[in-house]
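Participant: Given next are the chains, with one letter for each unit.
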Amino acid sequence: MRLDVILRVGVKLIIPFMLIFGLYVQLHGDYGPGGGFQAGVIVAGSVIVYALIFGIEEAQRIAPRRLVEFLVPLGVLIYAMTGVFGLLNGQNFLDYSVLAAHAPAGRERGILLVEAGVLVTVASTMVALFYAFSERGR
Amino acid sequence: MEAFKNFFDHYNYIATIVLMVAGLYIVIARGNMIKKLIGLMLFQTSVYLLYIAPGKIIGGTPPVLDPNFTVYSNPLPHVLILTAIVVGVATIALGLAIVSRIHEAYGTIEEDEIFERGEDG
Amino acid sequence: MLLTLLVVVTIVIVRMRSLFGVIVLSGVYSFLMASVLMVYDAVDVAMTEAAVGAGVSTVLLLAALHLTDAREYPQPRPAALPLLVAVIVGLVLIWATYDLPAFGIADAPIHRHVAPHYLQNAIKETQVANVVSAVLADYRSFDTFGEVIVVFTAGIGVMLLLKGRRQRRDGSEGGLR
Chain L
1 MRLDVILRVG VKLIIPFMLI FGLYVQLHGD YGPGGGFQAG VIVAGSVIVY ALIFGIEEAQ
61 RIAPRRLVEF LVPLGVLIYA MTGVFGLLNG QNFLDYSVLA AHAPAGRERG ILLVEAGVLV
121 TVASTMVALF YAFSERGR
Chain D
1 MEAFKNFFDH YNYIATIVLM VAGLYIVIAR GNMIKKLIGL MLFQTSVYLL YIAPGKIIGG
61 TPPVLDPNFT VYSNPLPHVL ILTAIVVGVA TIALGLAIVS RIHEAYGTIE EDEIFERGED
121 G
Chain P
1 MLLTLLVVVT IVIVRMRSLF GVIVLSGVYS FLMASVLMVY DAVDVAMTEA AVGAGVSTVL
61 LLAALHLTDA REYPQPRPAA LPLLVAVIVG LVLIWATYDL PAFGIADAPI HRHVAPHYLQ
121 NAIKETQVAN VVSAVLADYR SFDTFGEVIV VFTAGIGVML LLKGRRQRRD GSEGGLR
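Residue numbers (the working numbering), protein chains in the order written: chain L, 1 to 138; chain D, 1 to 121; chain P, 1 to 177.
Calculated directly from the structure, the hints in this document are not laboratory data. Please note that the accuracy of each hint is not assured.
[To be verified] Using C-beta positions, here's what the derived DEER-type ranges look like:
1) L:Leu52 x D:Asp66: 52 to 60 Å
2) D:Phe8 x P:Pro78: 33 to 41 Å
3) P:Gly21 x L:Gln60: 27 to 35 Å
4) D:Lys5 x P:Ala79: 31 to 39 Å
5) P:Ala129 x L:Phe93: 24 to 32 Å
[As the list claims (entries may be wrong)] A few chain D residues that don't get close to chain P, going by computed Cβ distances all over 10 Å:
6) Phe4
7) Asn68
8) Ile114
9) Phe115
10) Glu116
11) Gly118
[Said to hold, decoys possible] So the derived list for chain L, only partly shown, Cβ under 8 Å to chain D, looks like this:
12) Gly32
13) Phe37
14) Leu129
15) Arg136
Just so you know, even glycine gets a beta-carbon here, dropped at the ideal spot from N, CA and C.
Work out the full structure, taking the sequences as your base and the hints as a guide.
Facilitator: Written as structure tokens, this is what we have:
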């Protein structure tokens with residue numbers, strides 16, 4: 001029996017809850033504490049703890065390095081496109097009131113989209129940082 | 001008594017300044033580069049406290065709007081410091097990458113040894 | 001009390017020479033900082049500081065510790081000048097903070113200008129109850145855009161710096177086997 005059985009079993013039990021908690025924090029950023037940055041770090045934390053316990057190769061089967069490196073600029077693109085959408089409809093850059101017929105609903109929708117972009121960039125950057133540091137030392 | 005009351009009113013700020021000075025001392029007085037980066041982190045986190053402490057209202061609640069409460073703490077410093085925290089971790093990550101490359105180029109991360117090596121050749 | 005504990009942990013960090021212990025103590029420091037921020041009613045900031053400071057930052061510091069094979073550094077020579085400079089700066093700053101209003105009063109100038117506007121109009125204009133999220137993503141979204149670009153740039157910078165395998169000074173490729 002390997003010495004780290006407790007860690008392996010415990011991590012397998014905890015990671016689904018971490019991912020669900022990250023999703024909860026992201027989507028409840030409007031009604032309570034939360035938002036894109038916290039959720040991004042929690043999601044990245046779940047991938048990192050999986051890589052710490054089971055090894056980099058296992059983690060890279062689930063979150064391949066190419067995919068993570070592709071996701072890093074994708075979040076910035078989502079953010080910028082939400083802003084440009086306001087420009088295309090005749091208002092200022094990053095004006096969200098054009099996203100829906102009723103201006104406050106449009107602004108809420110813009111906030112949700114922008115937080116999604118932040119989540120994607122922050123999560124994939126933290127995982128990419130971890131991959132860069134650990135692949136250097138192999 | 002006046003000075004005593006003044007001290008306890010401002011104790012939060014005084015503790016924050018002590019943290020800031022400790023971080024500054026680590027950055028200028030220690031030669032190990034990873035320790036310097038940790039000192040920089042201490043300095044940054046003390047600045048977060050310095051910004052958020054004046055925003056607190058005694059008797060207020062966190063700034064999440066709710067019909068039951070009327071007095072909220074100031075949300076503006078929270079926004080600025082949220083940005084600052086994420087920028088801080090980005091800076092630390094980049095600094096650690098540079099420290100790793102310095103170690104590969106010089107074989108050491110002690111500032112004194114690198115300067116001596118530079119004087120020799 | 002929490003602040004006193006923070007000061008004690010900081011003084012131990014200054015004095016400690018083993019780098020592994022310093023990194024673990026910095027995780028403890030981030031956790032205490034998150035607790036202090038909760039007491040200051042800054043719940044979003046506390047969550048971010050706990051996740052970032054005690055999570056990601058500790059992992060990256062340990063990874064860098066492994067890459068540089070560092071254990072502990074030699075005894076630093078006693079230097080009076082940095083200590084003197086630090087103490088003088090500290091005393092001047094403490095003297096300056098006496099001009100700040102007392103902690104926690106409700107009619108300080110900071111609460112008068114823009115903050116009441118955000119608190120009163122956040123629900124009417126954006127239908128979002130968390131004022132910090134509304135200000136971050138809507139009223140001040142340029143700053144958040146810049147911040148996302150900073151995170152992206154740091155990620156790209158680290159990926160560029162740490163590409164490839166470790167090169168040791170004698171030319172052979174390094175790594176664990």
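Participant: For which of the previously enumerated hints does the structure constitute a violation, in increasing order of number?
Facilitator: The structure conflicts with hint 1 only, although it agrees with all the remaining ones.
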